[in-house]
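Each protein sequence line maps, in turn, to chains W and H. Converting from the first sequence to the working numbering requires adding 85 to each position, the first position being numbered 1. Converting from the second sequence to the working numbering requires adding 85 to each position, the first position being numbered 1.
Among the hints, erroneous ones may be present.
Repeated chains share a single entry, so a pair holds when one copy, or any two copies, can fit it.
[As the list claims (entries may be wrong)] With a straight-line Cα cutoff of 25 Å, these simulated SDA-like cross-link-like pairs (lysine to any residue) come out:
no., residue 1, residue 2
1, K216, R150
2, K216, R196
3, K216, D169
4, K216, E154
5, K216, D171
6, K216, A97
7, K216, C168
8, K216, Y194
9, K216, R130
10, K216, D112
11, K216, L105
Honestly, the hints are just simulated from the structure, not real lab data.
There are 2 protein chains.
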Amino acid sequence: MNMTSAQEWIDAIAWNDDGLVPAIAQDHDSGRVLMLAWMDRTALRLSLAEGRAIYYSRSRQRLWRKGEESGHVQRLVELCLDCDGDALLLKVEQLGGIACHTGRASCFYRRWTPAQGDTPAHWQETDAAIKSPEDIYGSAQ
Amino acid sequence: MNMTSAQEWIDAIAWNDDGLVPAIAQDHDSGRVLMLAWMDRTALRLSLAEGRAIYYSRSRQRLWRKGEESGHVQRLVELCLDCDGDALLLKVEQLGGIACHTGRASCFYRRWTPAQGDTPAHWQETDAAIKSPEDIYGSAQ
Numbered sequence: 086m087n088m089t090s091a092q093e094w095i096d097a098i099a100w101n102d103d104g105l106v107p108a109i110a111q112d113h114d115s116g117r118v119l120m121l122a123w124m125d126r127t128a129l130r131l132s133l134a135e136g137r138a139i140y141y142s143r144s145r146q147r148l149w150r151k152g153e154e155s156g157h158v159q160r161l162v163e164l165c166l167d168c169d170g171d172a173l174l175l176k177v178e179q180l181g182g183i184a185c186h187t188g189r190a191s192c193f194y195r196r197w198t199p200a201q202g203d204t205p206a207h208w209q210e211t212d213a214a215i216k217s218p219e220d221i222y223g224s225a226q
Numbered sequence: 086m087n088m089t090s091a092q093e094w095i096d097a098i099a100w101n102d103d104g105l106v107p108a109i110a111q112d113h114d115s116g117r118v119l120m121l122a123w124m125d126r127t128a129l130r131l132s133l134a135e136g137r138a139i140y141y142s143r144s145r146q147r148l149w150r151k152g153e154e155s156g157h158v159q160r161l162v163e164l165c166l167d168c169d170g171d172a173l174l175l176k177v178e179q180l181g182g183i184a185c186h187t188g189r190a191s192c193f194y195r196r197w198t199p200a201q202g203d204t205p206a207h208w209q210e211t212d213a214a215i216k217s218p219e220d221i222y223g224s225a226q
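Construct the complete structure from the given sequences, taking the supplied hints into account.
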């Protein structure tokens, strides 16, 4: 079947025991995966209503309007659901070109590198910060 | 700091209370996001050792060598960790060009479509199956 009814589209999502679903943000233009965050029903409804990514912050236990402090808003271009309904994919326009709180384009800036010679296996940084967190959030933080 | 020690690289991952971490699989060539699955420590170590994606199936509560039944193995090209260590990104070569058990290239084949006229908001299928599940798994399933 190709569609679900108005009452059903949000219930097609397999919310976890905490009422959350993981949401992948991908740059709609470059295809780069930017981050993984979580949404509750309110976050998802607001994301669609406002046309921007709004997550549920598990650490702060509240809605998190991505970019609310940094200005690095994610404009929602497309929203997709996976086959078993337990993951979302958001294709976004990343304002400022920075998704990560460290000032990098993507949160996935560490690449696993195998041991070689005396160097043990490690996570190698692949990206430099475009802006410093101080420049993004102000020196008070 | 640019690297973590041999003992530390796997401990840099913020495993959840169930000892799992979400892992995004992305086609390394096209950039298409293929699926979201989960890994435990064993799955991650084996993925690196064998050079293919091995997940932990939460529904079956066991290791899941992606492609073990379908042949749709994901060859591991690159493994990245996010800023706060609680999500992995696998760049993979998707053998057979099919990641989804429904026979589609990607599990994210349903796009949210807003209400229009008499048609309520719904998930619109964007991809047809490349192969039928019967052709992939055999008619016994």
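How the hints compare with the structure:
1. When the C-alpha separation of K216 and R150 is checked against a cutoff of 25 Å, the pair qualifies only within one copy, where the shortest distance is 20 Å, while the shortest distance between copies is 40 Å.
2. For a Cα distance limit of 25 Å, the shortest separation of K216 from R196 inside one copy, 20 Å, qualifies, whereas the shortest one across copies, 33 Å, does not.
3. In this assembly of identical chains, the alpha carbons of K216 and D169 lie at most 25 Å apart only when taken from different copies (18 Å versus 38 Å within one copy).
4. Within a single copy, K216 and E154 get their C-alpha atoms as close as 14 Å, which meets the 25 Å cut-off; across copies the closest is 46 Å, which misses it.
5. Taking identical chains as interchangeable, the C-alpha atoms of K216 and D171 lie at most 25 Å apart only when they sit on different chains, with a minimum of 23 Å there against 34 Å within one chain.
6. Taking the shortest Cα distances, K216 and A97 sit within 25 Å of each other only across copies (24 Å), while inside one copy they are farther apart (39 Å).
7. For a Cα distance limit of 25 Å, the shortest separation of K216 from C168 across copies, 15 Å, qualifies, whereas the shortest one inside one copy, 37 Å, does not.
8. Taking identical chains as interchangeable, the C-alpha atoms of K216 and Y194 lie at most 25 Å apart only when both belong to the same chain, with a minimum of 14 Å there against 35 Å between chains.
9. In this assembly of identical chains, the alpha carbons of K216 and R130 never lie at most 25 Å apart, being 31 Å within a copy and 34 Å across copies at closest.
10. Taking the shortest alpha-carbon separations for K216 and D112, only the intra-copy value of 18 Å comes in at or below 25 Å, while the best inter-copy value is 29 Å.
11. For a Cα distance limit of 25 Å, the shortest separation of K216 from L105 qualifies neither inside one copy, at 31 Å, nor across copies, at 32 Å.
In terms of the numbered hints stated before, the structure departs from hints 9, 11, listed from lowest to highest.
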